[in-house]
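There are 2 protein chains.
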Amino acid sequence: MDFRELVKVRRAVRNFEDRVVPMSLVKDIITDSCEAPSGSNRQPWSFIVITNKNVMKSISDESKKNILKEMEHNPSTSLSGYKAILKDPGFNVFYNAPCLVYIAGPKEVRSVAVDCALAASYFMLSAADRGLGTCWVDLGSAITDPALRTEIGLPEDHVIVGTIILGYPVEIPEKPPRNEPNILKIVP
Amino acid sequence: MDFRELVKVRRAVRNFEDRVVPMSLVKDIITDSCEAPSGSNRQPWSFIVITNKNVMKSISDESKKNILKEMEHNPSTSLSGYKAILKDPGFNVFYNAPCLVYIAGPKEVRSVAVDCALAASYFMLSAADRGLGTCWVDLGSAITDPALRTEIGLPEDHVIVGTIILGYPVEIPEKPPRNEPNILKIVP
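Heads up: the sequence lines are chains P and Y, in that order.
Under this note's numbering, the letters of the first sequence match residues 95 to 282, in that order.
Under this note's numbering, the letters of the second sequence match residues 95 to 282, in that order.
Careful, some of the hints might be misleading.
Just so you know, same-sequence chains aren't split out, so a pair can sit in one copy or run between any two.
The calculated lysine-lysine pairs, modelled on DSS-like cross-linking and capped at a C-alpha distance of 30 angstroms, are [to be verified]:
1. K279 x K163
2. K102 x K201
3. K121 x K163
4. K163 x K269
Derived from the structure by calculation, the hints contain no laboratory data.
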């Protein structure tokens, strides 16, 4: 798909068809993600793929609990707008997605956040290019429980950067409004 | 350009033609960058465009000095491999690029690093789609001098995330090798 077209089609998708994403396709998208640039070509990204709905529900519950706990200590967090929905036991942060992919890397790599975000960007564009929908769900990244971290294969020294749900979209949502680009200064 | 083709063409470019990039084109690429997703659609990114070679040289000198100072305090930093080149007074971290673009955002936004990295990814892909070359030059982001920060219009509460040089490439470099994707676990 043409890049300009692709940018329009890549929208945050939160409603998915009840349809499995073939693992070979997930792997192809991950391979595309690894084409992203990274600091000193270090490629610090690793991936975890979860299609088990029970595990996704456990992660959703764990992450909601931890974010609510964080809010108690820091009521002014930018996540505070999500308080009501996080308290709803029926709310699954991953919606009805058939697949969840984590992009994580070693905490000690100074550029881990931007490197993994670049890979995540490629992931979302590659998925859109292949007719799939994604949404970065930061509400699903607060996993502290050691048993759950072990269950999903997340090493102790790794930090989750990207939390991306993946599936076949029921529809492509409208583009949320964008601000005019803010150019602080041009230095000629 | 087709996304799969575009991913191949987007390479780190460090050698540019002696040719000005029209400001309208820089602005178009910035507009494309703002199509990136961001946490809660907050779009915390701002841009600074520098085409003045003297200012770029001042920034290069300032940033080299600050990184070398950081190395004294932290000799094991991952940047230590750059020590010799940073000590070379003739080395300009921006090479011969005709244009430098900063992507920055407010420190207080918790997702500022990943949001601005997503915009940077769109920036680099959009530039490649338009026949331009880019390189993320993290060695040019260590600006602490208040006078220099004021000169380029960087607000005190902002952090530089992306430091990207832009121009017409002399050639598209070969792709540096990529590791096999590291899938830590599949949880079916």
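Against the structure, the hints come out as follows:
no., hint, result
1, K279 x K163, "between (40 angstroms within a copy, 28 angstroms between copies)"
2, K102 x K201, "between (33 angstroms within a copy, 29 angstroms between copies)"
3, K121 x K163, "neither (35 angstroms within a copy, 42 angstroms between copies)"
4, K163 x K269, "neither (32 angstroms within a copy, 45 angstroms between copies)"
Hint violations for this structure: numbers 3 and 4, all remaining hints satisfied.
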